[in-house]
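Visitor: If you want the building blocks of each chain, they are given just below.
Protein chains: 2
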Amino acid sequence: MFRLGEFAQIAQVSGRQLRFYDQLGLLQPAHIDRQTGYRYYSIRQLPRLNCILALKELGLSLEQIGPLLENEISAAELRAMLTMKRAQLEQSLREEESRLRHIESRIAQIDSQGAMGDYDVVVKSVAATPYLSLRCACENMDEVVRMVRTVAEDGSRLIRPALRDKLIVVARNDQIDEKLDLEIGFSLTRASNANVRITGEYLLCASELPAVDTMATIVRPGTNPASHCAFGAIGVWIEANGYEVAGSCREVFLEPITGPPGFEGALVEIQFPVRAAI
Amino acid sequence: MFRLGEFAQIAQVSGRQLRFYDQLGLLQPAHIDRQTGYRYYSIRQLPRLNCILALKELGLSLEQIGPLLENEISAAELRAMLTMKRAQLEQSLREEESRLRHIESRIAQIDSQGAMGDYDVVVKSVAATPYLSLRCACENMDEVVRMVRTVAEDGSRLIRPALRDKLIVVARNDQIDEKLDLEIGFSLTRASNANVRITGEYLLCASELPAVDTMATIVRPGTNPASHCAFGAIGVWIEANGYEVAGSCREVFLEPITGPPGFEGALVEIQFPVRAAI
DNA sequence: GCTTGACTTTGACGTAGCGTCAAACGGGCA
DNA sequence: TGCCCGTTTGACGCTACGTCAAAGTCAAGC
Chain A
68 MFRLGEFAQI
78 AQVSGRQLRF
88 YDQLGLLQPA
98 HIDRQTGYRY
108 YSIRQLPRLN
118 CILALKELGL
128 SLEQIGPLLE
138 NEISAAELRA
148 MLTMKRAQLE
158 QSLREEESRL
168 RHIESRIAQI
178 DSQGAMGDYD
188 VVVKSVAATP
198 YLSLRCACEN
208 MDEVVRMVRT
218 VAEDGSRLIR
228 PALRDKLIVV
238 ARNDQIDEKL
248 DLEIGFSLTR
258 ASNANVRITG
268 EYLLCASELP
278 AVDTMATIVR
288 PGTNPASHCA
298 FGAIGVWIEA
308 NGYEVAGSCR
318 EVFLEPITGP
328 PGFEGALVEI
338 QFPVRAAI
Chain B
68 MFRLGEFAQI
78 AQVSGRQLRF
88 YDQLGLLQPA
98 HIDRQTGYRY
108 YSIRQLPRLN
118 CILALKELGL
128 SLEQIGPLLE
138 NEISAAELRA
148 MLTMKRAQLE
158 QSLREEESRL
168 RHIESRIAQI
178 DSQGAMGDYD
188 VVVKSVAATP
198 YLSLRCACEN
208 MDEVVRMVRT
218 VAEDGSRLIR
228 PALRDKLIVV
238 ARNDQIDEKL
248 DLEIGFSLTR
258 ASNANVRITG
268 EYLLCASELP
278 AVDTMATIVR
288 PGTNPASHCA
298 FGAIGVWIEA
308 NGYEVAGSCR
318 EVFLEPITGP
328 PGFEGALVEI
338 QFPVRAAI
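These protein sequence lines are chains A and B, in that order.
Going by the working numbering, 215 is the number at position 148 of the first sequence; the sequence numbering is gapless.
Going by the working numbering, 70 is the number at position 3 of the second sequence; the sequence numbering is gapless.
Heads up, a few of these hints could be off.
For identical chains, the list gives no copy identity; a pair is met inside one copy or between any two copies.
[Claimed, not checked] Result set (DSS-like, lysine-lysine): computed pairs, CA atoms no more than 27 angstroms apart in a straight line:
#, residue 1, residue 2
1, 191, 233
2, 246, 233
3, 191, 123
4, 152, 246
5, 123, 152
Since the hints were derived computationally from the structure, they do not count as laboratory data.
Sequences and hints are given; from them, build the entire structure.
Guide: See the structure below:
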């Protein structure tokens, strides 16, 4: 018979651990002195302790190990438990690999740029939302800005505030063309079929922006020159994390547009639908 | 300005999380109503929250993220943190891969045997220990048993109990021979140079069993027929976990030998020094 | 104005598996 | 008998929140 400390030393565990396992009923000492409360362990208890440690190494929780020790579990049930554990492990392995790639890309970024840019890509899911927009092909950025401004101003006037939500620009890059194929419009708080005619005989048509499960997003203040950096950042991020683009990019204006000149003061969320690259 | 719930919905985090980040000072609401205590967040705080989430995704703790948000950290320090994180991640990746292999081998075992044997391999480290032993080449198992019994009995008589520790048999399988090349003797509680002459003119000589950092061990009751299963089990385990044998196998008799016939009742720990296979 | 139901607040407890510390007591040795 | 080490119970700490409770707020419908 060994006292707690000796047994702990033999088995290479801490005394606290033995006390804890006693408390959980996983491994009760062979004898407890009634006078002193001292725990005494038999060397014959070593196999049981080793069994606990081995199962713990497999990733089972102590709660799961208890019934296993008492042989209350059939081989089939154990197999099922292990299979589940395996699936969890494979999942967490994939996640950790992704994290590792991500960290490496950040380290590379620091090494090349000397510091960390504003580079806060977050994956979220977005629900489908009703959308009131026009589609247009613009020749250059000036035209884009004019169109967006027109839609923003007229939309603000002509769509009821209770219905109107946020200005959203969708870039449809289906065919690689010199023109920018855009949809410009407002998301709505609820579905509506009404179309809205605005300045220059343009017509905002009701449609729906589809839901996206995994959307890589980045929020940037200002749109014009800095936005290219943001696009670059999100592109690097997508590649580094083993994703690929899976749909049309969206720019969501989180605040109503105010200042008359460009959109420098605007807060824009750039969204890229992504999926795990094969 | 948004109330907690709205902001939480926009950012796809829980309200509890926002309150928690407030409490830690990571993200304090833009405004708090003094009357009601209601938190009000500005959409301008979304980038900061996204920054927190992005850094958390990298595996940094909230405690580490705090200073980062306040730009109190230089690029070099951040690089160092990330490099450390990368090393940790790589380490845990290796561990998880090993666990996965281990689980798969257990599942395969269940599928082939229908149940789980007593199969509780544990890795521990053992310290160097003084050793009083004889070396002998045995022709067959009977001879081994005779020799072990002789050493056990004479050792028990001739070595002082305070000095004598446990009976240990080392199997030196250096050259693959038909003979079993063994060392049989006792570990000692402290170093000693005295040799001991026992029955049949054999001489127990003082030496030292070297320390082993990673020792795969398994405890089995009984030695004779069942021990082959134990050897098989530990072999499977070593292979499944990506180790290879790195030294001589030891059998440690955890209890003094008592019964006159074979060693069926004995509690034996089989030890294999291992290292990670290349 | 009143009710109602959705939302918010603080506060507390729980998580997994122990590590660490404190105060009090036991055991063996000189 | 004193001393030092080992042991006991009990408590708190750790991470990043989830969950629940009791009480107060807000906006909308009647």
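Visitor: For every hint, state whether the structure bears it out.
Guide: Verification of the hints:
| no. | hint | in the structure |
| --- | --- | --- |
| 1 | 191 x 233 | within (18 angstroms within a copy, 61 angstroms between copies) |
| 2 | 246 x 233 | within (25 angstroms within a copy, 85 angstroms between copies) |
| 3 | 191 x 123 | between (34 angstroms within a copy, 14 angstroms between copies) |
| 4 | 152 x 246 | neither (52 angstroms within a copy, 44 angstroms between copies) |
| 5 | 123 x 152 | both (12 angstroms within a copy, 25 angstroms between copies) |
Going through the hint list in order, the structure does not satisfy hint 4, though it satisfies all others.
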